[in-house]
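What follows is each chain in one-letter form.
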Amino acid sequence: MSKILEVKNLKTSFFLEEGELKAVDDVSFSLEKGKTLGIVGESGCGKSVTALSLMRLIAQPPGKITGGQILFDGKDLVKIPISQMRDIRGNKISMIFQEPMTSLNPVFTIGNQIEEAIALHQDLSRKQIREKAIEMLKLVGIPSPYRRIHDYPHQLSGGMRQRVMIAMALSCEPEILIADEPTTALDVTIQAQILDLLKKLQTEMGMAIILITHDLGVVSEMANEVIVMYAGKIVEQAPAVELFEMPLHPYTIGLLKSIPSMQETGAGKLHPLRAIPGMVPNILELQGGCPFEERCFMHVPHCKDEEPKLRELKTNHWASCFETKI
Amino acid sequence: MTEKLIEIKNLKKHFPVKKRWFQKKADTVKAVNGITVDIFKGETLGLVGESGCGKSTLGRSLIRLIEPDEGQVFFNGKDILKFSGSELRQTRRRMQIIFQDPYASLNPRMTIGSIISEPLKIHKLVRSRQERMDRVEGLLKEVGLRSDVLGRYPHEFSGGQRQRIGIARAISLNPDFIVCDEPVSALDVSIQAQVINLLSDLQKKFKLTYLFISHDLKVVEYISDRVAVMYLGEIVELAYSKDIYRDPKHPYTQALLSAVPQIDPKTKRTRIVLKGDVPSQVHLPPGCPFHPRCHYKIVDRCRIEKPPLREIAPDHWVSCHLAE
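Just so you know, the protein sequences line up as chains A and B, in that order.
FYI, this note's numbering numbers position 27 of the first sequence as 27, with every residue one higher than the one before it.
To convert a position in the second sequence, counted from 1, into this note's numbering, add 1000.
Read the hints as simulated data drawn from the structure, not as lab findings.
Glycine included, every Cβ here is placed at the ideal spot set by N, Cα and C.
Do not rely on the hints blindly, as some may be mistaken.
[Said to hold, decoys possible] Simulated crosslink set (DSS-like; lysine-lysine; CA at most 25 Å straight-line): (1) Lys-11/A - Lys-75/A; (2) Lys-75/A - Lys-92/A; (3) Lys-92/A - Lys-33/A; (4) Lys-1041/B - Lys-1009/B; (5) Lys-92/A - Lys-8/A; (6) Lys-138/A - Lys-1275/B; (7) Lys-1218/B - Lys-199/A; (8) Lys-1121/B - Lys-1207/B; (9) Lys-304/A - Lys-325/A; (10) Lys-257/A - Lys-1218/B; (11) Lys-1275/B - Lys-200/A; (12) Lys-1004/B - Lys-1141/B; (13) Lys-1204/B - Lys-1218/B; (14) Lys-3/A - Lys-33/A; (15) Lys-1242/B - Lys-257/A; (16) Lys-1124/B - Lys-1205/B; (17) Lys-199/A - Lys-1275/B; (18) Lys-325/A - Lys-64/A; (19) Lys-1207/B - Lys-1141/B; (20) Lys-138/A - Lys-127/A; (21) Lys-1204/B - Lys-257/A.
[Unchecked claim] Computed far set for chain A versus chain B, every beta-carbon distance over 12 Å: (22) Leu-16; (23) Asp-26; (24) Glu-32; (25) Arg-56; (26) Ala-59; (27) Gln-69; (28) Lys-75; (29) Asp-76; (30) Ser-103; (31) Leu-139; (32) Pro-143; (33) Leu-284; (34) Val-300; (35) Arg-311; (36) Lys-325.
Let's have the full structure, built from the sequences with the hints guiding it.
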């Protein structure tokens, strides 16, 4: 398969009064054409900062990409001038955000907002732009798009707004779609609609998706390849089927165990959930060693002294842990 | 377990929306639209449904944080909607609530010690300062926090710890009944499991009865004895947790369950995707409120007649004309 995006040793830091916060620390992965890569982790693990770094949307200052490469289309997105980045952003790589209400502009109609994206990147007449916008709304399943195009975001429900966001993101037929928690704010039934829509559009348009979420169920249904992040680092990476069948990193194992499963019907009351003790560490306070050591059920004294490197334990299955075995 | 702690009879809460000048009567949002259900002593009743279906309004109406418009709520056999003054205060002591947002439900200007001891002061349950402090320390230990947090403020704590503080406050008066209104929805997965385990431990220890409101079907299944599914202000299905998850009878419950993403990349399930959005609660559809989105082959009866909640199997209630 052909790699469409390659991220090598990406590092993004925020320079705060308290010191340098390494939000993304040495993250590498690649994305294949037409495939879905899932990035999972809890709040503050660096998944959203990774996505924003790919789009070069990190507020600077205080944030800065301090190292690494993002190779796309023969270019290193870290190095190119921001004017070139503008041509790529929203055109070849687009993004949808978690909260569709705050990411749409409340004072413009949804038509205006979709047309803006098209007008910016494509050389079309106003009439063609409008037609294209209506076509996009139809594609994402908004009923009576001719009328809806004049609506303002507040006139739409949450699911509809997320569809508009998707229409906007896909209006220039991007090669990569970055979806940052696209369904977190939605109800399960609407979530199912949106996920189905994304899958359908992916097969039709052949784009690659980077799906960022904390919901392991969503990742398992959508992704081909999964990255698990913890405290700014990748702790495990594997094909989805493999990861859920045989998780290797104790953090991934813990995450999977802490979700009540619908298969164990009725038995729930008998055994307590195996929660991960403690909480996510403050990245600023980490001092060497494995960042997960404090909460880990497998830890040995050695974990405190040295930070485990990501290593390939099985073909295509990487984990950063000294103790885990196949 | 068959002893009833709470009996809810035909409870209604309609919120008026802005009246237009040519209207005779203001439209209302039918948030809770005629709910009848019992909650047994020592059980956890799970309440699920999509946002806006009236789950929280129901939870709050029960303890009169929202005054219901119609119906009755019996607590230990007495209708608490008729209570006032000291009688109400006495009952409130035995019914508590844990809120969803641990950031908004704790006063940022109060120390943890004063947050947890305030209910004790209000109800004059402790005589001396020393006794109060002992009680608070005991409660903190109960929810897994160290007693040196007493003088600290809410902003110094993480979401999970704040939720523990909220739980300590709720159990401080030794209540019988706690409304858990989405207590784990704002928490990360690993922390969520910790709080769920804490809630079930406390339930066993203090023989608590919970109304557990959540939109997360997996969590509700795990913690609940019985589950009620709400749609547009009404209960559409009510049964024991294992029955409802193994064999959902109402088409809405079926769709809801099939929509939950499962961690099992190998089996591909057939998902029932519901058409459209939840209809407006101001103008409810005629007949069965679910018929515009239903995947069953609807008959004329569905469009005209509203199905009552009927017992389709022992202890399995469903409101659908077509369910068998």
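Of all the hints given earlier, name the ones this structure violates by number, lowest first.
12, 18, 32
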